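Could you use the hints to bring the two separately framed chains together as a complex?
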Amino acid sequence: AQRVTQPEKLLSVFKGAPVELKCNYSYSGSPELFWYVQYSRQRLQLLLRHISRESIKGFTADLNKGETSFHLKKPFAQEEDSAMYYCALTGGYNKLIFGAGTRLAVHP
Amino acid sequence: GAVVSQHPSWVICKSGTSVKIECRSLDFQATTMFWYRQFPKQSLMLMATSNEGSKATYEQGVEKDKFLINHASLTLSTLTVTSAHPEDSSFYICSATRGQVNTEAFFGQGTRLTVV
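Protein sequence lines correspond, in order, to chains A and B.
Those letters in the first sequence? Residues 280 to 387, by my numbering.
Those letters in the second sequence? Residues 81 to 196, by my numbering.
So that you can see chain B by itself, here it is in the shape it has in the complex (with noise of 0.2 Å):
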């Protein structure tokens, strides 16, 4: 099966520092990666789509200044939380699918941020 995989599982960061999160996929080649949000309790709110070499589609109400999003190559996508505050701590999960439409999402285990 195809394994995708994010590192870290979990980060404390102090406020104002920027935290990046890796997502990578294992054996297979991502055409697309994608990037969630997941409240306690919550469903997996979709943040932003990301493409090998091209710039990311952010959601509505998304602050691309604030999530960087980078899709260097089609194995590795990283989101970056700038200048982070306690409001941005949440679990971050990302996913790739690989081929180009309507096909399976493979999920990282997601990372625990952590703001203080």
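Pulled out of the complex, with its shape left as it was, chain A reads as follows (with noise of 0.2 Å):
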């Protein structure tokens, strides 16, 4: 079944502070995944995905076959960051599955 798990509901850091958001998935083919970000009463958008091997503001994402995860990742967390973020993945014809999502706060 396809499913995408993220672990943690909220994810609080400080300023300046690495942060990392796990992603697990399951899936039986090659999926492509994603993660989609929501700021505070902002509409979903696309942060990256892992076909663009792209740092979209500071954030890097790489695919694990082996371990089925797709962590996202930044080495210096801002407080602009603060926001709500999905991992997903679709197997074929855009069909986008959602893992529960995470809440990452910085703090200053």
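Simulated from the structure, these hints should not be mistaken for laboratory data.
There could be a bad hint or two in this list.
Each computed BS3-like pair below joins lysine-lysine, with the alpha-carbon atoms no more than 27 Å apart [said to hold, decoys possible]: (1) A:K344 with A:K301; (2) A:K301 with B:K121; (3) B:K121 with B:K94; (4) B:K100 with B:K146; (5) B:K100 with B:K144; (6) A:K336 with A:K352; (7) A:K336 with A:K374; (8) A:K288 with A:K344; (9) A:K374 with B:K146; (10) B:K94 with A:K374; (11) A:K352 with A:K294; (12) B:K121 with A:K374; (13) A:K352 with B:K135; (14) A:K336 with A:K288; (15) A:K288 with B:K121; (16) B:K121 with B:K100; (17) A:K374 with A:K352; (18) B:K121 with A:K294; (19) A:K301 with A:K336; (20) A:K288 with A:K374; (21) B:K146 with B:K94; (22) B:K100 with A:K374; (23) A:K336 with A:K294; (24) B:K121 with A:K336; (25) B:K144 with B:K94; (26) A:K288 with A:K352; (27) A:K374 with A:K344; (28) B:K144 with A:K374.
Treat the numbers as computed from the prediction; the structure is a model and nothing was measured.
Here you go:
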């Protein structure tokens, strides 16, 4: 079955601290993995996708097929990073399956 | 960038009535639109996939007759909640994609439905 697991509901860090939001997935084929972000009072938007292999706003995520993980990392968190982060996968036809989401709170 | 707009942003209706929510892609043609439901402090649950000119594909457990989806054009999909009840109160979100396979999804701002 297709499933995305984000074990942490809330991650609270201080500004400048490293951040890692965990994501594990279950999928029988070769999915595409995404991280979406929702800032306060804004709509959901794409942060990054594994096939792009790029860093957005200092965030990176590496797909580890052996561990079926796609953790999101940033070396130095900023207050403006505070938001809800959703890991998602699609196995085809753009149908997104979302994890439960992790709220990142960055304190000054 | 691509913009997806939902209307209305919020709606209150009486139990037993029907409510229609519109999802429009403003500056691109959406090959596929998706409808999600989000309960408070929970994730987005996919309800159905909608392709222009064809019947929507519903996820398991979603009542087709309860949640009517129409995708009449490449820029508009509608979700009608029929005979709404208080348990249908939720946040409904649509998204749209431009391509056929594994492309970025653009999300609407969501519609808060409250059934009283």
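Structure-based check of each hint:
no. : hint               : verdict
1   : A:K344 with A:K301 : 14 Å, holds
2   : A:K301 with B:K121 : 18 Å, holds
3   : B:K121 with B:K94  : 24 Å, holds
4   : B:K100 with B:K146 : 12 Å, holds
5   : B:K100 with B:K144 : 15 Å, holds
6   : A:K336 with A:K352 : 11 Å, holds
7   : A:K336 with A:K374 : 26 Å, holds
8   : A:K288 with A:K344 : 23 Å, holds
9   : A:K374 with B:K146 : 21 Å, holds
10  : B:K94 with A:K374  : 32 Å, violated
11  : A:K352 with A:K294 : 14 Å, holds
12  : B:K121 with A:K374 : 22 Å, holds
13  : A:K352 with B:K135 : 40 Å, violated
14  : A:K336 with A:K288 : 22 Å, holds
15  : A:K288 with B:K121 : 9 Å, holds
16  : B:K121 with B:K100 : 24 Å, holds
17  : A:K374 with A:K352 : 25 Å, holds
18  : B:K121 with A:K294 : 24 Å, holds
19  : A:K301 with A:K336 : 18 Å, holds
20  : A:K288 with A:K374 : 23 Å, holds
21  : B:K146 with B:K94  : 16 Å, holds
22  : B:K100 with A:K374 : 23 Å, holds
23  : A:K336 with A:K294 : 15 Å, holds
24  : B:K121 with A:K336 : 25 Å, holds
25  : B:K144 with B:K94  : 21 Å, holds
26  : A:K288 with A:K352 : 16 Å, holds
27  : A:K374 with A:K344 : 20 Å, holds
28  : B:K144 with A:K374 : 18 Å, holds
In terms of the numbered hints stated before, the structure departs from hints 10 and 13, listed from lowest to highest.
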